[in-house]
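Here the structure of chain C is known, so what remains is to put chain U in place on it, guided by the hints.
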Amino acid sequence: MSRLASQLRSFVRTALRGLRASPLTTAVSVATIAITLVLIGSFVVVVENMQGMLERFGEDLHVSLYLEDGLSDAELEGLAERVETVEGVDAVELVSKEQALQRFEAGVGARTGLLEALEENPLPASLEVTLLAARRTPEGLAVVIESIDGLPGIAEVAYGQQWVETYARAVALVRGAAFGLGAVLALAAFLIVANTIRLAVYARSDELEIVSLVGGSRTFVNAPFLLEGMIQGGAGAALALVILYALFRLLLPGFEAGLELLVGYAEPAFLSPGGMLRIVLGGAALGAVGSAAALAGSWRP
Amino acid sequence: MRRGVQVADRPSDESLVRMYHVSKSYLAGSWALRDVSLEIGKGELVFLTGPSGAGKTTLLRLLFAAERPSEGQIIVCGRNIARLREGAIPALRRRVSVVFQDFKLLHRRTIEENVAIALEVVGTSPRAARGRVFQVLKQVGLQHRRYHHPLSLSGGEQQRVAIARALVSEPEVLLADEPTGSLDPDLTIEIMDLIASAAARGTTVIVATHDVGLVQRYRKRTLHLEAGRVRTDAPDTGASV
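Those protein sequence lines, which keep their order, are chains C and U.
Using numbering that gives the first Met the number 0, the first residue of the first sequence is number 0, and each one after it goes up by one.
Using numbering that gives the first Met the number 0, the first residue of the second sequence is number 0, and each one after it goes up by one.
What the hints contain is simulated information worked out from the structure, not anything from laboratory work.
Note that CB positions come from ideal geometry on N, CA and C, so glycine has one too.
Check the hints yourself; a few may be wrong.
[As the list claims (entries may be wrong)] With the Cβ distance kept under 10 Å, some of the chain C side facing chain U (calculated, not the full set): (1) S1; (2) S5; (3) A20; (4) L23; (5) S211; (6) G214; (7) F219.
[What the hints assert, rightly or not] Here are some of the chain U residues that sit facing chain C, going by a computed Cβ distance under 10 Å: (8) H20; (9) G86; (10) I88; (11) P89; (12) R94; (13) R108; (14) T109; (15) L118; (16) G122; (17) A165; (18) E169; (19) I188; (20) L193.
[Unchecked claim] Derived pair list, reagent style DMTMM-like, types lysine to aspartate or glutamate, alpha-carbon separation capped at 25 Å: (21) K103(U) / E70(U); (22) K103(U) / E266(C); (23) K96(C) / E83(C); (24) K137(U) / D101(U); (25) K103(U) / D183(U); (26) K103(U) / E83(C).
Chain C with its partners taken away, still in its complex shape:
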């Protein structure tokens, strides 16, 4: 076994011995990190789902250009070709007045009697514009609309921008709240880990003195404490994921019903594997940073 492997083994053994030596303190620290990460993770789940919905709305995003009456077929074709050249436009479909009426009739179904009273077709012809994927954002949409609006022959531009903008603002708000709250909670967890490790350093000051006397380096003294912090952080994060998943399953029916009611669509998802890995690594990093802060200046040869 190489010297490095021996030392790593020694660090792990010392770290585990340290955790076993103060089980209550370790348990409190792990539980605190878990609670903190459950709260942060809840926000991450909500933000990821809202983001997913925003992307889905983007895929369905169309712009309808209602045209003035009286345009000839050639003018309609020309206008469609003109719109197709606008940057950000993927495809343009020309819907004539007749086609619009047919679609309306198909939409209202059995109640076609309503239309029989009309003397002439009141529906305008329109151009249904599909945007390039990169432009399916409130900002991208605005740029495209600016280029189209005002073209001769276009009576009205209709799109769901206001709704999309409001929703995007909500996503940004939730994300900002998650970030702010996450930072506060992470700071609290960091202080608790740092305090736990500081207590461990005091409790084992005799050991540290002896290690230092026999020639233990700063790394040899500090590495087991950093590992302890990482183990506490990683264990807290793993526990948080278990709690979070249990809560997700428990609250899923109500969450789905709410989404159906609000947006007519409900496919709430738990954290992605990458998201879960990030939470575990984040927990371990939190533990390591907390330990590092506790150890700063503690090694005196």
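For chain U alone, kept in the frame of chain C given last:
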């Protein structure tokens, strides 16, 4: 016995410990050690004697870099303590072992683990460490107690464990600060014999003690300190113990 201390103009290559006009002050105007110069050769056993507060412990602490001199130069195993970087101290301590009056053992660890810690810090493999620890515990007669914990051992046995820990890494210098201070006379001889045997194997040994009987029994070179100064440097009379 000669008065005062003379340091050779050209230091001997065999000198592992050299001090040149070393002073140490913890408070302005008050000297724990004052203008100490000495040389100690390889394999030499030297007693440091003197009343409490004479500067014995301060002198030892300077030699393993627990303190830095206020004035003067100290060379231990070729390293200048006054200029030693903090990060270089562990490397020095792997060549300079220390034994204390209060043993400084870890009560939650077994005897074997207590001794092995000095090998762990240099990354010795567990298997090699076990073999070496067994060997050194056998030297101090405690191989059969290796899985016991320190508190189940007598004071003399605990000090033997501390000596085993100090010797397991085969140091070039062994410092002992009142190693027999808390032991009865029979155990004192037992422990001192173990320390002296390290010198016989080539380790430079410096023992701080105020036990006059011990010094008279071994009749080795003795530096007597008073008020931080070396008052006398009595040479080794070559007596066998």
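Hints, verified against the model:
1. S1: holds (8 Å)
2. S5: At about 5 Å, which falls below the 10 Å cut-off, the nearest Cβ of chain U leaves the hint on S5(C) intact, so it holds.
3. A20: Since the shortest Cβ distance to chain U is 7 Å, the answer is holds.
4. L23: Violated: closest Cβ of chain U sits about 17 Å from L23(C), beyond 10 Å.
5. S211: Holds. Min distance 8 Å.
6. G214: holds (4 Å)
7. F219: holds (5 Å)
8. H20: violated (25 Å)
9. G86: Interface hint status for G86(U): holds (7 Å vs cutoff 10 Å).
10. I88: Since chain C brings a Cβ to about 4 Å from I88(U), closer than 10 Å, the hint holds.
11. P89: Since chain C brings a Cβ to about 4 Å from P89(U), closer than 10 Å, the hint holds.
12. R94: holds (8 Å)
13. R108: This hint holds: R108(U) lies near chain C, its Cβ roughly 9 Å from the closest one there, short of 10 Å.
14. T109: Violated, because the Cβ-Cβ distance from T109(U) to chain C comes to roughly 12 Å (cut-off 10 Å).
15. L118: Constraint on L118(U) satisfied, holds at 9 Å.
16. G122: At 4 Å from the nearest chain C Cβ, G122(U) passes the 10 Å test, so the hint holds.
17. A165: Given a least distance of 8 Å, the restraint on A165(U) holds.
18. E169: violated (12 Å)
19. I188: Nearest chain C Cβ about 26 Å off; hint violated.
20. L193: violated (18 Å)
21. K103(U) / E70(U): violated (30 Å)
22. K103(U) / E266(C): With Cα atoms ~64 Å apart, K103(U) and E266(C) exceed 25 Å; violated.
23. K96(C) / E83(C): holds (20 Å)
24. K137(U) / D101(U): The given pair, whose Cα atoms are some 22 Å apart, holds under the 25 Å limit.
25. K103(U) / D183(U): Distance ~19 Å between K103(U) and D183(U) Cα, so the pair holds.
26. K103(U) / E83(C): Distance ~85 Å between K103(U) and E83(C) Cα, so the pair is violated.
This entry does not satisfy hints 4, 8, 14, 18, 19, 20, 21, 22, 26, going by the numbered hints stated previously.
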